[in-house]
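Line order of the protein sequences matches chains A and B. Count along the first sequence from 1, add 5, and you get the number used in the working numbering. Count along the second sequence from 1, add 62, and you get the number used in the working numbering.
Hints were generated in silico from the structure; no laboratory data involved. These figures come from a predicted structure and were not determined experimentally. Each hint should be verified, as a subset may be incorrect.
[Claimed, not checked] Taking lysine to aspartate or glutamate pairs in the EDC-like style, the calculated list, with each CA pair at most 20 Å apart, reads:
id, chain 1, residue 1, chain 2, residue 2
1, B, LYS194, A, ASP149
2, A, LYS23, B, GLU140
3, B, LYS146, A, ASP308
4, B, LYS194, B, GLU140
5, A, LYS8, B, ASP80
6, A, LYS402, B, GLU140
7, A, LYS416, B, ASP116
8, A, LYS416, B, ASP80
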Amino acid sequence: MNKVLLIIQREYLTRVRKRSFIVMTLLVPTLFALMYKVVAYIADDKNDVKATHIVHVVDSARIYQEKLIDSRYIKFDYSSRTLTALKTEVKEQENDLVLYIPTHKPEVTQIFAKKKSTLSLSDNLERQLNDIASGSALVKAGIDTARLHRIKSNIVVNANEITETGDQSTNMGATYALSFAGAILIYMSLFIYGAQVMRGVIEEKTSRIIEVIVSSVKPFQLMTGKIVGVGLVGLTQFVLWIGLSALVSYIAGQNTAQASPAYTFIHSLGANAGYELGCFLFYWISGFLLYSALFAAVGSAVDSETETQQFMFPITLPLLFTYILSVSYLFQKPDSTLAFWLSIIPLTAPVAMMVRVPFGVPAWELGLSMTLMIAGFVFTTWVASRIYRVGILMYGKKVNFKELGKWFFYKE
Amino acid sequence: MLSIRNIVKQYAGHRALDDVSLEVQSGQVFGLLGPNGAGKTSLIRIINQITAPDSGEVFFNGQKLNQAHIERIGYLPEERGLYKKMEIGEQMIYLARLKGLSRAEAQKRLKFWFDKLGMETWWKKKIEELSKGMQQKAQFVATVLHEPDLIILDEPFSGFDPVNAEIIKDEILALNKKGATILFSTHRMESVEELCDAIALIHQSHKILDGTVKNIRNSYRSETYMVEYAGQRLSFNGAQPFDVIGDTITDDDNHTIRIKLNEGYTSNDVLQYLIPQVRINMLQEVIPGMHEIFIEKVNANNKSHE
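Build the full structure now, drawing on both the sequences and the hints.
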């Protein structure tokens with residue numbers, strides 16, 4: 006059996022069997038489902054106004070008398086009491102409020118309540134007041150409101166995308182979500198699994214087994230085996246997460262009689278699902294190979310994890326930089342010059358390109374980026390392996406970048 | 063078996079090995095001696111192909127050292143270590159498979175070794191659950207499991223308690239008897255005369271002495287003898303065929319002297335001179351131990367560099 010395969014097998018199995026892997030694999034979909042529940046709960050308007058609110062209407066002009074319509078949680082009360090009296094009364098009440106409509110200035114209508122009123126409640130009131138006011142104004146102007154209602158159009162704008170396979174309806178929200186999810190997933194997993202590679206290298210070094218291993222295999226074989234093994238662990242975790250998330254949200258979705266987020270997600274990907282998933286996989290794998298090689302080199306250069314700081318910073322800087330730019334700028338301007346360059350340079354491309362892909366990227370740009378990505382990881386792997394082979398046998402040396410440079414130029 | 067020719071290894075700032083050559087014969091127990099930092103580990107790493115020399119060549123059974131030879135060599139580094147979180151059985155099999163053994167074969171041999179060294183119950187234990195001595199025993203097994211032709215041990219006895227050190231020593235000798243060539247480095251001389259057929263002494267990156275233990279010791283003979291006699295205490299006036307080194311040690315009637323033969327005389331001449339005067343209990347040639355040779359050589363080398 007090939008020795009690299011043997012190393013991959015060990016690296017993979019020892020990690021997948023770990024309790025922390027199993028816990029993470031189960032925990033993340035659970036958190037995901039939980040988050041979905043919370044978001045659904047917050048987004049649900051009705052939850053906003055659950056208790057019955059009594060709205061005391063102070064309207065001395067009596068324009069709105071008996072015209073406001075009660076809903077499930079909002080009941081209107083037309084009292085003849087003064088505003089001051091009502092205000093002192095609702096001060097003691099949790100859910101009641103006063104709607105004050107000044108006779109001569111109805112446009113500065115106000116609500117008074119013990120608590121800040123919720124958006125959906127004031128929306129409801131605003132809508133009703135406007136309808137009533139404009140209705141009576143129309144009547145006053147001699148317009149037949151019934152007729153007006155009949156001829157009033159109801160136009161909704163649907164965004165469409167022109168593609169080769171025909172026009173497609175697009176959901177801008179889903180595109181943003183996808184773009185954001187892609188960037189954040191790549192960013193986090195490059196960190197998490199890159200650090201795992203680094204920790205693995207440090208473990209071999211501090212436990213001193215490294216010398217036994219490199220008397221059996223070439224350092225490059227060991228490094229390759231470790232990177233690929235950890236990468237497969239990452240892929241396994243992704244597949245399990247997606248599968249479990251889909252399952253969990255499917256079950257959760259059934260209960261609330263709503264489409265599950267996984268379903269919505271896949272649906273919003275539409276016909277591009279394969280393309281976008283393919284891009285994600287490519288940038289995940291190539292980005293992981295690129296960064297984990299650097300992480301491996303860092304791990305080989307130090308004696309313990311606490312010493313990694315000075316090297317970690319410059320390595321993670323491009324990632325962090327792109328990530329911050331992604332969530333603030335690239336979203337808005339996925340076709341800007343900055344977005345273009347960031348998605349071409351291999352160090353920043355995985356995150357930047359995943360932001361852009363859902364908005365559509367010209368084929369030549371994608372091709373160029375991917376080619377450079379491959380060249381990039383071949384290059385970093387080569388550089389890293391030259392540092393790695395020296396570093397793993399160095400102990401008790403305070404290493405700086407100059408020293409790493411020297412190692413790079415060492416002969417075999 | 064192993065032929066090391068003109069090896070030079072340069073590290074930034076210092077030369078770890080400078081034109082070192084040596085020959086290890088098949089079936090030998092070869093001792094690589096030298097003070098700490100002399101370059102022993104650098105040489106061992108080159109033989110293990112962990113690093114490559116800047117110049118010079120290594121031949122293994124007449125062939126230029128290459129990747130195929132890795133499986134024929136077993137290596138126990140000075141700094142021992144295993145994966146702490148991994149079960150010992152699984153780990154031994156992994157290491158053996160990296161040396162080219164099949165899983166089934168590794169399992170079979172491991173069972174044999176575990177039985178032999180009283181480790182049967184350890185199989186499922188993690189390394190971190192074992193004592194340091196137990197870990198070292200396990201590591202020794204890992205070194206020899208693939209039945210290498212050449213076993214390289216860097217400071218093999220450091221870290222072992224006396225009982226385990228004895229067990230390991232016996233196992234090394236047993237493997238040697240079965241045909242394995244042993245190369246071990248040490249800076250402790252006690253084990254050398256007992257174990258080694260041949261040695262090389264490395265000091266300050268140079269080989270300053272090598273050969274079989276017997277030849278080296280013979281070449282350091284200095285015509286010095288220890289004589290114990292009974293009877294009257296003798297005083298010497300210079301007419302005898304030897305010089306007396308130091309004082310006469312007297313214990314009751316028995317006197318012991320250290321002598322150095324004068325040029326052209328043999329031990330027989332000593333006896334002929336003494337027998338008429340006293341009764342001889344003992345006459346023994348004093349051959350310097352490896353320890354003395356080591357110190358003498360290293361000191362001489364230090365002086366020549368000053």
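Comparing the hints with the structure gives:
no., hint, verdict
1, LYS194(B) to ASP149(A), "violated, 97 Å"
2, LYS23(A) to GLU140(B), "violated, 30 Å"
3, LYS146(B) to ASP308(A), "holds, 16 Å"
4, LYS194(B) to GLU140(B), "holds, 14 Å"
5, LYS8(A) to ASP80(B), "violated, 34 Å"
6, LYS402(A) to GLU140(B), "holds, 18 Å"
7, LYS416(A) to ASP116(B), "holds, 8 Å"
8, LYS416(A) to ASP80(B), "holds, 17 Å"
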